[in-house]
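Sequences listed follow chains A and D, in order. Counting from 9, one number per residue, gives the positions in the first sequence under the numbering used here. Counting from 684, one number per residue, gives the positions in the second sequence under the numbering used here.
It is possible that part of the hints are untrue.
Taking lysine-lysine and the BS3-like style, the derived pairs with C-alpha atoms no more than 27 angstroms apart in a straight line are [what the hints assert, rightly or not]:
1) D:717 - D:768
2) D:884 - D:692
3) D:768 - A:223
4) A:223 - D:962
5) D:695 - D:717
6) D:754 - D:884
7) A:223 - D:746
8) D:746 - D:768
9) D:692 - D:809
10) D:963 - D:746
11) D:962 - D:692
12) D:855 - D:717
13) D:765 - D:754
14) D:765 - A:223
15) A:223 - D:695
Label pairs and their calculated CB-CB ranges [to be verified]:
16) A:260 - D:836: 19 to 27 angstroms
17) A:135 - D:702: 33 to 41 angstroms
18) D:817 - A:124: 40 to 48 angstroms
19) D:941 - A:260: 49 to 57 angstroms
In silico contact screen, one side only, chain D against chain A (beta carbon under 7 angstroms); selected entries [stated by the list, open to error]:
20) 739
21) 741
22) 742
23) 760
24) 761
25) 765
26) 767
27) 771
28) 776
29) 784
30) 786
31) 788
32) 800
33) 828
34) 834
Derived from the structure by calculation, the hints contain no laboratory data. Heads up, the beta-carbon is just placed ideally off N, CA and C, and yes, glycines get one too.
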Amino acid sequence: MWKFIVRRLIITFPQLVVLSVLVFLAAQFMPGDALTGSIGNPNITAEQLEQRREALGLNDPWYVRYGDWVSGVVQGDLGESYRFKMPVTELIGQRIVNSFWLSVVTLIFTYIIAVPLGILSGRYNDSLLDQSITGYTYVGFATPLFIFALVMLWIFGYQFGWFPTNGSVEPGLTPGTFDYVLSKLYHLILPGISMALIATVNTVQYLRSEIIDTKQRDFIITARAKGAPESRVYNRHILRNSLLPIAAFFGFEITGLIGGTIFVETIFSYPGMGQLFLESVTLRDFSTLVSVVLLFGVTAIGGALLSDIILSLVDPRIRIK
Amino acid sequence: MSEELLEVKNLKTSFRIGEEHYAAVDDVTLTLNKNEVLGIVGESGSGKSAFAFSLMGLHNRAKIEGNINFKGENIANTAPGKLNKLRGDDMAMIFQDPLTALNPLMEVGDQIAETLILHRSDMSQKDRKARVIELLNMVGIPYPEHVYGQFPHELSGGMRQRVVIAIAIANKPELLIADEPTTALDVTIQAQILDLIRNLKNDMNSGIILITHDLGVIAEMADRVAVMYAGQIVEVSDVHTLFENPLHPYTRSLLNSVPNAEGGQDKLHVIQGIVPSLKKLPREGCRFASRIPWVDASAHEENPVMHEIAPGHFVRCTCHSQFYFPDESKEVQSNGVSGS
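Chain A with its partners taken away, still in its complex shape:
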């Protein structure tokens, strides 16, 4: 068991190295360099610039610069954002927490929607109920998230005015108080639901087909031949076997959220990592962008790792003793 997890963790390490090299090299192809944004004096000469570059080590070969960058990253130093004039670590700090909570809320909604719908759809497949649920999933597949989120914002944010339309918390509240937490939650609901309603269709479909598949397996007939009533056949045999791949999919669900947060955070002006990503692209905020992409990559790798670990915990066929 632990052997498996340790081995899986060891595989993660080269993945991280490759990721960081790729991110770093990709950043090299961006126009400008770390110096571009920090020049305050418009009259600076080319020689002076070159001197600064030399002094900062920007003319070193890429692997030396990569080494410098990585040793900084490992120590938590992601560089300086030249747009916001503050360390990237500090810039990311609050946003990463915001994005984390948005993801948690989205995941909760995703499963609250997916599990019952998937079960109903799979159990009563080809009924009217199933057809309505699959109908919804087709609409979900076909609707781009950014359009859907805009519609949700317009209807529930502006027309009905039930939910706030921007920000992550009501200004003027003291962090830590009950009202503050409540306001945070309140700001999370609409973006969370919007994202979940679209993201969940994958899981609904997945669960539905897992149940339909498991229903026809031989061991279900064995269970019926034992005299197990339908409710027990479903709860003990079908659901357990069908939810397993869904549980394992959890990690990948997290990876999938990254793309969603970019749209949703921008549309709801929610100060998180996704919004920061788009901002730093448009502002050419070099060091911030690299850091955000790196963190996205780490999250994706972590998601896959989590999936494998969950699967190894719940599936006896993979469990290694």
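Since the structure of chain A is already known, use the hints to place chain D on it.
Relative to the frame of chain A, chain D by itself:
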């Protein structure tokens, strides 16, 4: 001794394909006594398993007509609640493929215990576990305490089939249906499993329906045999009569296609054609007619029924009286063999 346990009368199981119903089991009439092994033989697709599933009520969307009298009560089309009281308790089934018949996520001990939980709810947890260990012992599984906590994938095919058998016999069923219990196993394991089933019959005085396409298994195990073709029983008799004096062309063809260890046969007999698929089954006339085209059409009955040729020996259709193998006879009719 020969107390009747099960009586099946004119059983017809049909499935809806598109707009029409197609009968996979048609006009099956059989009886089974206590402490008797009734073998059912036939090719793949002849409706053997469909028949077994009908008895257990395991078909999902099938139309079942006729009577299944089990212990004096008709259980065809009973409500699931009532049927669930019988299944796993008074009647049980051993499945064909041990590799897929067990839940991959449940410890095998728990899978056996489930049958006890469902039908012996008064049993304490401790007694239940003891009974499961006893069952594992009975079916010849070594280290039952250890195997109890193992998952199906940790066991070999033969071991898994033993677990499947342990599930079936957990509540000492009066009727045990074994659907090709040895098909997926290699020969040495086959013999052990058959021994096991025979011992169970003797110990529990149960009636056993043994479904197989293996005539060797039938010869060894069965007291009486029913030969099934295209959803119908074509011949029923005791096992000796069947092997010594087979009548129906299909039975004779089947026996003729078994290799003989003593030699004497240059070529194995091959039955022409294949079992027609459900949708292509002939609706009337002798269903075997298309596979013995050299026999004159007038030999068949228009609506073949079972004829009692000798006490306890039934044959469907009249064509057996005029049947011969093409290479047996010099005078193969000109429109015969080429007519297929």
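Results of checking the hints against the structure:
The straight-line distance between the Cα atoms of residue 717 (chain D) and residue 768 (chain D) is roughly 20 angstroms, inside the 27 angstroms bound, and the hint therefore holds. A distance of roughly 24 angstroms separates the Cα atoms of residue 884 (chain D) and residue 692 (chain D); the hinted pair therefore holds under the 27 angstroms criterion. For a cut-off of 27 angstroms, the pair hint linking residue 768 (chain D) to residue 223 (chain A) stands: about 22 angstroms separates their Cα positions. At roughly 25 angstroms between alpha-carbon atoms, residue 223 (chain A) and residue 962 (chain D) fall within 27 angstroms of each other, so this suggested pair holds.
Restraint check: the Cα-Cα separation between residue 695 (chain D) and residue 717 (chain D) comes to about 24 angstroms, which is no more than 27 angstroms; the hinted pair holds. The suggested pairing of residue 754 (chain D) with residue 884 (chain D) holds, with an alpha-carbon distance near 17 angstroms, which does not exceed 27 angstroms. Of the pairs offered as hints, the one joining residue 223 (chain A) and residue 746 (chain D) holds, with about 20 angstroms between alpha carbons and a cut-off of 27 angstroms not exceeded. A C-alpha spacing of about 22 angstroms is found between residue 746 (chain D) and residue 768 (chain D), which places the hinted pair at or below 27 angstroms, so the restraint holds.
As the CA atoms of residue 692 (chain D) and residue 809 (chain D) are separated by approximately 43 angstroms, the hinted pair breaks the 27 angstroms bound. Proximity of residue 963 (chain D) to residue 746 (chain D) is assessed by CA-CA distance (about 19 angstroms); at most 27 angstroms being required, the pair is judged to hold. Taken as a hint, the residue 962 (chain D) and residue 692 (chain D) pair is honoured in the structure, with Cα atoms around 24 angstroms apart against an allowance of 27 angstroms. Restraint check: the Cα-Cα separation between residue 855 (chain D) and residue 717 (chain D) comes to about 13 angstroms, which is no more than 27 angstroms; the hinted pair holds.
Proximity of residue 765 (chain D) to residue 754 (chain D) is assessed by CA-CA distance (about 14 angstroms); at most 27 angstroms being required, the pair is judged to hold. Taken as a hint, the residue 765 (chain D) and residue 223 (chain A) pair is honoured in the structure, with Cα atoms around 22 angstroms apart against an allowance of 27 angstroms. In summary, the hint linking residue 223 (chain A) to residue 695 (chain D) is supported, as the alpha carbons are separated by about 25 angstroms, within the 27 angstroms threshold. Taken as a hint, the range 19 to 27 angstroms holds for the pair residue 260 (chain A) and residue 836 (chain D), whose Cβ atoms sit roughly 25 angstroms apart.
In this structure, residue 135 (chain A) and residue 702 (chain D) break the distance hint of 33 to 41 angstroms, their C-beta atoms being roughly 20 angstroms apart. For residue 817 (chain D) and residue 124 (chain A), the hinted distance range of 40 to 48 angstroms is satisfied, since their beta carbons lie about 42 angstroms from each other. Distance hint for residue 941 (chain D) and residue 260 (chain A): a CB-CB separation of about 55 angstroms, consistent with the stated range 49 to 57 angstroms. Of the supplied interface hints, the one on residue 739 (chain D) holds, with its beta-carbon coming within about 6 angstroms of a beta-carbon of chain A, less than 7 angstroms.
Here the hint on residue 741 (chain D) is kept, as its CB sits about 6 angstroms from the closest CB of chain A, short of 7 angstroms. Among the interface hints, the one on residue 742 (chain D) is violated; its C-beta lies about 10 angstroms from the nearest C-beta in chain A, farther than the 7 angstroms criterion. Among the interface hints, the one on residue 760 (chain D) is violated; its C-beta lies about 16 angstroms from the nearest C-beta in chain A, farther than the 7 angstroms criterion. Annotation: interface hint on residue 761 (chain D) violated; nearest CB of chain A at approximately 12 angstroms, more than 7 angstroms.
Below 7 angstroms, beta-carbon pairs count as interface contacts, and residue 765 (chain D) has none with chain A, the closest being about 11 angstroms; its hint is therefore violated. For residue 767 (chain D), the interface hint holds, since its Cβ comes within 7 angstroms of a Cβ in chain A; the closest pair sits about 4 angstroms apart. At a threshold of 7 angstroms, the smallest CB-CB gap from residue 771 (chain D) to chain A is about 4 angstroms, leaving the interface hint in force. The beta carbon of residue 776 (chain D) comes within 5 angstroms of a beta carbon in chain A, closer than 7 angstroms, and the hint placing it at the interface holds.
Interface restraint check for residue 784 (chain D): the shortest CB-CB distance to chain A comes to about 5 angstroms, inside 7 angstroms, so the restraint holds. With 7 angstroms as the threshold, the beta carbon of residue 786 (chain D) comes within range of chain A, its nearest partner Cβ sitting at about 4 angstroms, so the hint holds. Annotation: residue 788 (chain D) was flagged as interfacial toward chain A, and the flag holds, the nearest CB pair being 6 angstroms apart, inside 7 angstroms. For the restraint placing residue 800 (chain D) at the interface with chain A, the shortest Cβ-Cβ distance is roughly 9 angstroms, beyond the 7 angstroms limit, so the hint is violated.
The interface hint given for residue 828 (chain D) is violated, since its Cβ lies 17 angstroms from the closest Cβ of chain A, which is over the 7 angstroms cut-off. Here the hint on residue 834 (chain D) is kept, as its CB sits about 4 angstroms from the closest CB of chain A, short of 7 angstroms.
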